[in-house]
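Enquirer: Sequences and hints are given; from them, build the entire structure.
The residues making up each chain are set out below.
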Amino acid sequence: MAILTQTEAQDILKKVLSFSTADECEATLNGSIGGNVRSARNSISTAGAVDNVSLAVQSRFGKRSGLATCNEFDDATLRRCVQRAEEIARLAPESPEYVPLLGPQQYLAAPASFAARTADITPDYRAQQIGASMALCEAKKLTSAGFFNDSAGFVAKRNSKGLEAYQRLTSVDFSITVRTPDGTGSGYAIANYTDLAKFDAARLTRVAAEKAASSVNAKAIEPGKYTVILEPAAAIDLFNNMMGAMDARNADEGRSFLSKKGGGNKKGEKVFDERVTIYSDPTHPEVPDLTFANDGRPQQKVTWIEKGVVKNLYSSRFWAQKAGIPDLPPPGGWIMQGGTQSTADLIKSTAKGILVTRLYYIRAVDPQTLLYTGLTRDGTFYIENGQIKFPIKNFRFNESPVIMLNNLEAIGKPVRLNGSLVPPLKIRDFAFTSLSDAV
Amino acid sequence: MKRRDFVGLTSLAAGALFLPSLPGFGHTAVDPARLLEPGADVIVKKRLADAALNAAKTAGASYADVRIGRYLNQYVFTREKQVQNIVSTESYGVGIRVLVNGCWGFASTSVVTEDSLAATARVAVDIAKANRLVQKEPVQLAPQSGYGEVSWKTPIQQGAFEVPVKQKVDLLLAANAAALDNGASYINSALFQVNEQKYFASTDGSYIDQDVHRLWPTFSATAVDTKSGKFRSRGSLSSPVGLGFEYLTPSAAEQIAGPQGTNTVGYKLRYDILADAALAGKQAKAKLSMKSVTPGKYDLVLDPGHLGLTIHESVGHPTELDRVLGYEANFAGTSFATLEWKAKNLPYGSKSVNIVADKLQPGSVGAVGYDDEGVKTREWDLIKEGKLVNYQKIRDQAHIVGQKESDGCCYAQSWEDVQFQRMPNVSLRPGTAKMSVDEMVSKVDKGIYIAGAGSFSIDQQRYNFQFGGQLFFAIEKGKITEPLEDVAYQSNTQEFWGACAGSCDQSDYRLYGTFFDGKGQPSQVSSVSHGSATTRFNGVNVINTARKV
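So the protein sequences, as listed, match chains P and A.
Heads up: the first sequence is residues 1 to 439, going by the numbering used here.
Heads up: the second sequence is residues 1001 to 1549, going by the numbering used here.
No lab work stands behind these hints: they were computed from the structure.
Small disclaimer: the values here were computed from a predicted structure and weren't measured.
Glycine included, every Cβ here is placed at the ideal spot set by N, Cα and C.
Where hints are given, some of them may not hold.
Stated by the list, open to error - Here are the computed distance ranges between Cβ atoms for each label pair:
#, chain 1, residue 1, chain 2, residue 2, range
1, A, Ala1286, P, Gly339, 39 to 49 Å
2, P, Lys141, A, Glu1246, 52 to 62 Å
3, A, Gln1140, P, Arg90, 53 to 63 Å
4, P, Asp200, A, Pro1155, 50 to 60 Å
As the list claims (entries may be wrong) - No more than 25 Å apart at the CA atoms, straight line, and that leaves these computed lysine to any residue pairs for SDA-like:
#, chain 1, residue 1, chain 2, residue 2
5, P, Lys322, P, Glu138
6, P, Lys225, A, Val1540
7, P, Lys225, A, Val1549
Expert: Here it is as structure tokens:
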């Protein structure tokens, strides 16, 4: 049931709209199938399966709107769902930020967002993958804890103004933490793909195992400002947090790192090093994504930062109209343009520095400057004369991605993580503020 | 489906709470009136549960439990003068857990009929049998005698769903107006209301019907100085509570003044949202021109609304037995407080550190009569006079630490999620000698008083942490001198608790709490409270968080 075809989905949605008596009605079907396996202490700890389709109906009378959902699709249930959305809408207060539903839209095609191989994953396959990964660690006398999660699904949308959308998506996620039995070494690897063909649990497990074995007997060095190489798994969260703060309304209201002294926002200003270019593209073959947003707006290729200059901010439809700016929804993932160098290449060109595998427990300290704190984890190493010299104890950092992307030494080759393309980054004067005993 | 759906909600980050399109966890949106309708009768639920238990036993389970859950939520979101969203949701279904040959299996269904429950029980047994092939450590379940047919209800005075939505909206909009009238440029406010109607039955012979209520009013007020481009926020000093709507009826007896010179107010089991919002407007504006802290060592005097989060991160999490054993190594992390560490009998903190776990405290969000595997809840010591004496554990963990029974802290966020060990309320006992917050401040030579929870971060083994706050005041020679900004303190769990110089007495005791403690993969959220009285910590490292971009 879970992955309906375009025709099956739109037939249900047409029926839903036929039951509507509201001024405007929009119906969205969302379905997914998939499963997960979790392991710890070299043994499977939990396993689960997901199989779910749900319908959301939004009905509007004037500026009043109501939402109802259901997960059965016989006529009587569909009719009740529409009636409930209409009842809720009648009771709702008028929204001063009302914007009419969108009419017909042209969407880009992103066929690569769905891979049959991912959709066909079986519970046996999951168990085999995690089992093989555990066996690899056991053979090296290491302890692993991992999580494998896959999903295949679709989104279909239709409204009373003629908008129609449909797309299928798949994703597979794997992460693994490998530790030495005495708890003095720890390594980590993570990957996320649309197509299972790219997935290699053994390779990822070996990376994590190597980091675990080579991070034992870490030395303590003084906290302070260091040149760091952030592997993509270390850079991703700070990168996503920064891009997640590029909302136009917050900037215009004076409460964003992109707010300008005296009012307005920093669109058009150079805020970062000129090598920083960040865009989104739902048709990118490495990170294909939905070509429409939740509210039906098209997702297109958009440049957000170009050569260090802020080019666009995203916003709600209401704010785009009010502020008279391009009507851009926030995208599902981000792409940072990089070079050709691997993390290993970046290490080779470093006289003195620190290699960071992963940053953990990142929390905002000051939204004004985008200052974040967090800690290194699962493999932190001292680099001298282009070589990893020894593992070092973990640090707490207090740093802003805005400052980081002005202290840029080099950008490596981007890697897919969590639906984004993120390069390894070499950054000078990265602020470590204290030592941690955690392994 | 999407990768980052609930990421923000699993943290305690206040900013993440203001998502106007917040969905329930697999919940169905319903008319608010639906939340007042009663769920299935216990006679029906017992019959349904027995169908599942019998099917599980017939299929080969040595133990089985059934949770028939009806989860009702209502969230109201506003900003400034307008309502952003009102969401009412219902989720109804059944989760069945079975033990077969020492291996767990779990399955759930939203089709609540005897046939469906029996079939789901058989699916759970099949999963347990499949998992048996890769299981290395057979489950040992601590024995638990059945309680027969029993029930428990959160002792509330007024169910939040019985209050008309308009009244709730009006209250939030009035709070918004109070903040805006007093200096705030913007405000977001929200009211979270939760009712878990849970029926638990097990092959031990328990049939437990529970009606659990929780409430959380909250806001964040922001002041903007367009000229300088500076902005500052002040969050509400409310707490999530295990109370009804009565929490929002102010009571002088349930308020306690902060130290002289701070003009702060702490709230116990009643909250004055209008007064707090008005004060927040003033304080957010004042923050724009406060003195930036000089970094260095300070004696910290921490208000319970702040200290609760530090207790949560530095004591609550490291004493969870599943983390200690490595089951959370790939996600939430492990713990420094391993069994080997405990055996060394090293100090966790100073002699004045006495920390207790419980699922009982009235008004706490952790309070229930029985946990989600049918164990009557209780209170137990975690830290006594600075020494770790026990962990948090459930039925399949008790034997690992040589104990015979569970602590009763098993929980699942919904019927469709499997239950596992979750943090109970973890609280610092107040001082036994009479001590007011003013007396405590009067003895501090160079210090900072901190109220309200702010930024928080701690490593995966719970050594190194950094906390911010909402309000900071300098203490010099026993007196509050001026408010401060850009304050965060960094410390190490054992150093910090070792520097604990005592707490105020019971009259200052208050509960801090959260709705969104996250653990597990796939992640589940859980509610937990942390009680304490204002407490002093000597010589803690304070950093300045101001930066220029």
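Enquirer: Hints first: check each against the structure and report whether it holds.
Expert: Tested hints:
1. Between Ala1286(A) and Gly339(P), the C-beta spacing of about 47 Å keeps the proposed range 39 to 49 Å intact.
2. With their beta carbons about 58 Å apart, Lys141(P) and Glu1246(A) fall inside the hinted range of 52 to 62 Å.
3. In this structure, Gln1140(A) and Arg90(P) meet the distance hint of 53 to 63 Å, their C-beta atoms being roughly 57 Å apart.
4. Distance hint check for Asp200(P) and Pro1155(A): the Cβ-Cβ separation is about 55 Å, which falls inside the suggested range of 50 to 60 Å.
5. About 60 Å separates the Cα atoms of Lys322(P) and Glu138(P), which puts this hinted pair outside 25 Å; it is violated.
6. Restraint check: the Cα-Cα separation between Lys225(P) and Val1540(A) comes to about 22 Å, which is no more than 25 Å; the hinted pair holds.
7. Restraint check for Lys225(P) and Val1549(A): satisfied, since their Cα atoms lie roughly 17 Å apart, inside the 25 Å limit.
This entry does not satisfy hint 5, going by the numbered hints stated previously; all others are met.
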